[in-house]
Amino acid sequence: MAMTVELPALERTDAMASPAPSGRLRRLARPALGLLLPVGLALAWEIIVWLGLSNGRLVPPPSKLFATIVELARSGELARHIMATLTRVVAGFGLGVIAGTVFGAISGYWGLARRLLDPTVQALRAIPSIAWVPLFILWLGIFETSKIVLIAVGVFFPIYLGVMGAILSVDRKIVEVGRTFRLSGPAMIRRILLPAVLPAYVVALRVGLGLGWMFVVAAEFMGASEGLGYLLIDGQQLGKPAQILAAIVIFAILGKTTDWLIEIGSAPLLRWQDAFGRQSGAA
Amino acid sequence: MLALDRLGKIYPNGVNALERFSADVRLGEIVAIIGGSGCGKSTLLRAIAGLDRATSGTVTLDNIAITGPHAKIGIIFQEPRLLPWLSVADNIGFGLSELPANIRREKVARALARVGLADKADAWPRELSGGQAQRVAIARALVPQPEVLLLDEPFSALDAFTRSDLQDHLLDLWADTRPTLLLVTHDVDEAVVLADRVLVMRPRPGRLFDESRSTWRGRATAIRRCSIISSAGC
Chain A
0 MAMTVELPAL ERTDAMASPA PSGRLRRLAR PALGLLLPVG LALAWEIIVW LGLSNGRLVP
60 PPSKLFATIV ELARSGELAR HIMATLTRVV AGFGLGVIAG TVFGAISGYW GLARRLLDPT
120 VQALRAIPSI AWVPLFILWL GIFETSKIVL IAVGVFFPIY LGVMGAILSV DRKIVEVGRT
180 FRLSGPAMIR RILLPAVLPA YVVALRVGLG LGWMFVVAAE FMGASEGLGY LLIDGQQLGK
240 PAQILAAIVI FAILGKTTDW LIEIGSAPLL RWQDAFGRQS GAA
Chain B
0 MLALDRLGKI YPNGVNALER FSADVRLGEI VAIIGGSGCG KSTLLRAIAG LDRATSGTVT
60 LDNIAITGPH AKIGIIFQEP RLLPWLSVAD NIGFGLSELP ANIRREKVAR ALARVGLADK
120 ADAWPRELSG GQAQRVAIAR ALVPQPEVLL LDEPFSALDA FTRSDLQDHL LDLWADTRPT
180 LLLVTHDVDE AVVLADRVLV MRPRPGRLFD ESRSTWRGRA TAIRRCSIIS SAGC
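Protein chains in written order, with numbering that gives the first Met the number 0: chain A, 0 to 282; chain B, 0 to 233.
Hints listed in this document are in silico derivations from the structure and should not be mistaken for laboratory results.
Where a beta carbon is used, it is the ideal one built from N, C-alpha and C, also for glycine.
Please note that the accuracy of each hint is not assured.
Each pair of labels, with its calculated beta carbon distance range [to be verified]: (1) P133(A) x I9(B): 56 to 62 Å; (2) L167(A) x V199(B): 37 to 43 Å; (3) Y10(B) x L167(A): 36 to 42 Å.
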């Protein structure tokens, strides 16, 4: 905190001589500000338990949580659970993205297909995806296939809607520029539509990924012998709140990391955007 | 020669936007079309550009019927309509994609220098001012060397200084290859300053109402240059 408070003064003195160090400080200080609240709360809870104001049995202090994670990691169990969950998410997310992109693009680009397809998709979307679970288990068995399909179904809808909506809202004026330069159908898609829908597509991917992580838990609740969702259920049944919290923390880390990967991966493609977010990010 | 023969446009909602519009425009001529809003100016221009199909009549360029966008016909819109994901240079080269990269680069560089934006080649469109963006749009339309350039109120969104600046600049660029210019505007001054010939349109239904020859071009710019110089105190 001291760092961020001191920053303006530091910058003023350094502005003329060397702007680089203050810029680096600033870049380090900004994420630090975001860490303030969670780290502060964790520290407070640690102290409360340490002082004996609470026994911390149901809400274990951070040190206990950390110890649990280390223990799980040392036995190699953690890697196994993470791999199991990650594989399911990647497979389900991949399938959902492919299907959502293909159907969303068809519905967005081709009016007849939209009138044919969209009402059905919208009706299916109204069904809570978890409601499919019993049917998927009957059809596809209790093992991996039904889990991956459930995740894919959850991911499909935001991607489908995002792609279709983005294509439908591409600026007619920009499309006319393509027409005046006599772009063929494929060239129009490649040179106008694809770049125009990209920002919305990235948002759809991030929403879809979030749902993927949500549905992997649901999928693992319906009977799994490994995975982070299994750790949750196992922790509940055996009364190990530290294990539950450890799994939750790892979910948070993995979710944030994968989301960040999409953000980083798409950033070079979206540098052209003239948006509010960029402004406040740069200032 | 660009020949418009009894062009008519009735929109699906029954609005008669354009009725029996006929005109011939010689190669290299600058023709302004003026009229109030809703008199079919833009409809006419979009029909010539091949963006909308006229419901009756024909557009022919050198005896070839125009039914869709054509390589020899370029258009500049009221807004620059630059593609935000392409750099300024790539925007100008947008219509040259079938040329080899080195020739394209050379043409783009020349066009950029010609509109005075050589230092903006790698900038994004969002980093340009309104006048600069419109200059890029003009360069983009001119770089494939169209025979006919259509302009749909190209300067109406700009401030007065930038507008007169760009009007002069347009005439300057026009002198390079002398394409036919067909300029739609609601600004009488602009029409008189730029055009050899002014066509006046009237609404409901949109039609040609009057035609007058302007002998002002050149002289008007000269007068205006003088007045700007004198108002600047020189």
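Results for each hint:
no. : hint                          : result
1   : P133(A) x I9(B): 56 to 62 Å   : 58 Å, holds
2   : L167(A) x V199(B): 37 to 43 Å : 40 Å, holds
3   : Y10(B) x L167(A): 36 to 42 Å  : 22 Å, violated
This entry does not satisfy hint 3, going by the numbered hints stated previously; all others are met.
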